[in-house]
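A.B. asks: One letter stands for each residue in the lines below.
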Amino acid sequence: MTDMTPRERVLAALRMEELDRPPVAVFTQSATIGQMEALDVYWPEAHSDPRMMAKLSAGQADVLGFEAVRATFCLTSEAEVLGAEVDPGKMNSQPMLKSHPYKDAFKAKEEVDLPSPEEVLNSGRPKVILDAVEILVKEYGDRYPVIAGNTGPFTLAGHLADTENLVFGIIMSPDEVKKWVKAAAEYTDYFTQALSDAGADVVQMSEPTASCDLLSPEMFEEFASPYLKEGYAKLKGAKSCLHICGNTYPILEHMIATGADALSIEEKVDPVKAVESVAGRVPLVGNVGVVHPLLQGSPEDCIKHGKAVAAAGLNVVSPGCGLSALIPNENLLALVKSVKG
Amino acid sequence: MNAQAETLRKNLVDAIVECDIDKTKSNVEASRGILSPQEIIDALSEGMHEVGIKFERGKLFLPHVMVAANAMTSAVALIEGDLAESMTGGSRGHVVMGTVEGDVHDIGKSIVSTMLQCAGYDVNDVGRDVPTATFLEAVKEGNADVLGLSALMTTSMQTQKEVIETLIEKGMRKDVQVIVGGAPVTQAFSDKIGADGYSENASEAVKLVHRLLGN
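If you're matching them up, the sequences are chains A and B in order. Residue 169 in the working numbering sits at position 169 of the first sequence; the count goes up by one each step and never skips. Position in the second sequence counted from 1, then plus 341, gives you the working numbering.
Since the hints were derived computationally from the structure, they do not count as laboratory data. Please read these numbers as outputs of a predicted model, since none were measured by experiment. Treat the hints loosely; a few may be bogus.
No more than 30 Å apart at the CA atoms, straight line, and that leaves these computed lysine-lysine pairs for DSS-like [as the list claims (entries may be wrong)]:
#1 B/K400 <-> A/K179
#2 A/K273 <-> B/K400
#3 A/K340 <-> A/K273
#4 A/K236 <-> A/K182
#5 A/K103 <-> A/K229
#6 B/K481 <-> A/K98
#7 B/K395 <-> B/K351
#8 A/K182 <-> B/K400
#9 B/K364 <-> A/K107
#10 B/K481 <-> A/K268
#11 A/K178 <-> A/K107
Kindly generate the complete structure, drawing on both the sequences and the hints.
C.D. replies: As structure tokens, then:
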């Protein structure tokens, strides 16, 4: 199995085939300053230029030896083309939403005319991401799996109508919340399919606002699940991977029930317990800690954690959440080594 | 407290625990003139304390806490006029709270602010995406006892450290206790950057501030 390409290995792992070792790949935001310096491509410019984005997206493979390439570094592009103001961030910080275009409309329970998904998602930075995926497929697709990231419906609804409105609305105006998540899902579904059509092997959808830090499992089931389920049922082509931050142990069953082809989990979930609970029904991606060991630990800590996650039986060893740009190369190299040997 | 007053007091506590904004407000109206403004605030705070405990135990979730906090704030607004005249209990300390620059997450931070207010602290919530200089000004101006720094991203956590370093540079570090929080933040990180305390959630944050100030 040593002559497998990283692409074959990752796709086999996602089919839960038996392998001599799991692949090690960053399925979440992968760019770091170490890669930017090695490739001479930097944030914030790489967020809005397809060539630069593709080059930096491949940094995890080219610079560090991970077994995937992964496009886009933030969750703000969809909201931006829908009218949210975005601060582009700096070399060491991600773009940040400065406003929510439908914050007042949510409060006033207004009916609003939203633009069509085709129109907005083929413009601006979403278009940059689609182009970057095409470049990656062309230049890396024979050897590496191309992962594309996008924003889940509940999270995007929060970006559009303000997360505080959404969370408050769960108790005070539940129908309004559902209306906005449904509206956001139109964009999410369209973009997921567009990324798949651009040639992505996996679309990793991040749904951080639906985490257990914000919603109870029952709320997740009522306000987030139905829209994820509908979207996944329609998706053709790429594998879907659902990423939710925080301790998702209480909602693993609900996450499986969305029909996602793979689940990506954070370090707050015990990897052994997660594997036991999921019991081979869906592949798991994760969950080496981003803060500890990757950001703050030593290379030895990273090796220890990488080995522990692989031994627990996660199908793809990956960081549990988007990388901090400040994580040193030696820690990421140690993680790669811990799995690949 | 007579039986009628005790019933009113209990209704106030219950309305907050039920996360019912309208009920809380109508119960406050019904209590005015019978309970003192201070007694009303105490009852609402007791309710918030209970909400905090239920949140910690996983019986209530963030949406409930947000609604309860809103109920508390709207109820206090109703009696603000009465309060000014009769306020007896002094503040237990001055706290400056905010989310560090480069980070716009503030739901959790706002809840910590409300809980600290309920617990008798004078809180200056300076908002989100707050430049370091603004924190320092607010600390100086209010002669703050505690500075609370929130960060929800692995990138913005570094800014918590920068704020502490700036406090040291300006010779202000010994004047104020610094507490840190936010999803990626841990006790180990707090120790590493030289903060005085970390807490995982809002109720723990209140206990932490009590402990730091000897209350």
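A.B. asks: If a hint holds in the structure, say so; if it does not, say that too.
C.D. replies: Here is how each hint holds up against the structure:
1. B/K400 <-> A/K179: It holds: about 27 Å lies between the C-alpha atoms, which stays within 30 Å.
2. A/K273 <-> B/K400: Given that 30 Å is the threshold and the Cα spacing comes to 23 Å, the pair holds.
3. A/K340 <-> A/K273: holds (24 Å)
4. A/K236 <-> A/K182: Given pair A/K236, A/K182 holds - Cα atoms ~20 Å apart, limit 30 Å.
5. A/K103 <-> A/K229: Since the Cα atoms of A/K103 and A/K229 sit roughly 26 Å apart, the hinted pair holds (cutoff 30 Å).
6. B/K481 <-> A/K98: holds (28 Å)
7. B/K395 <-> B/K351: Satisfied, since the Cα-Cα distance of roughly 17 Å is no more than 30 Å.
8. A/K182 <-> B/K400: holds (28 Å)
9. B/K364 <-> A/K107: holds (21 Å)
10. B/K481 <-> A/K268: The hint is violated at about 37 Å.
11. A/K178 <-> A/K107: The given pair, whose Cα atoms are some 14 Å apart, holds under the 30 Å limit.
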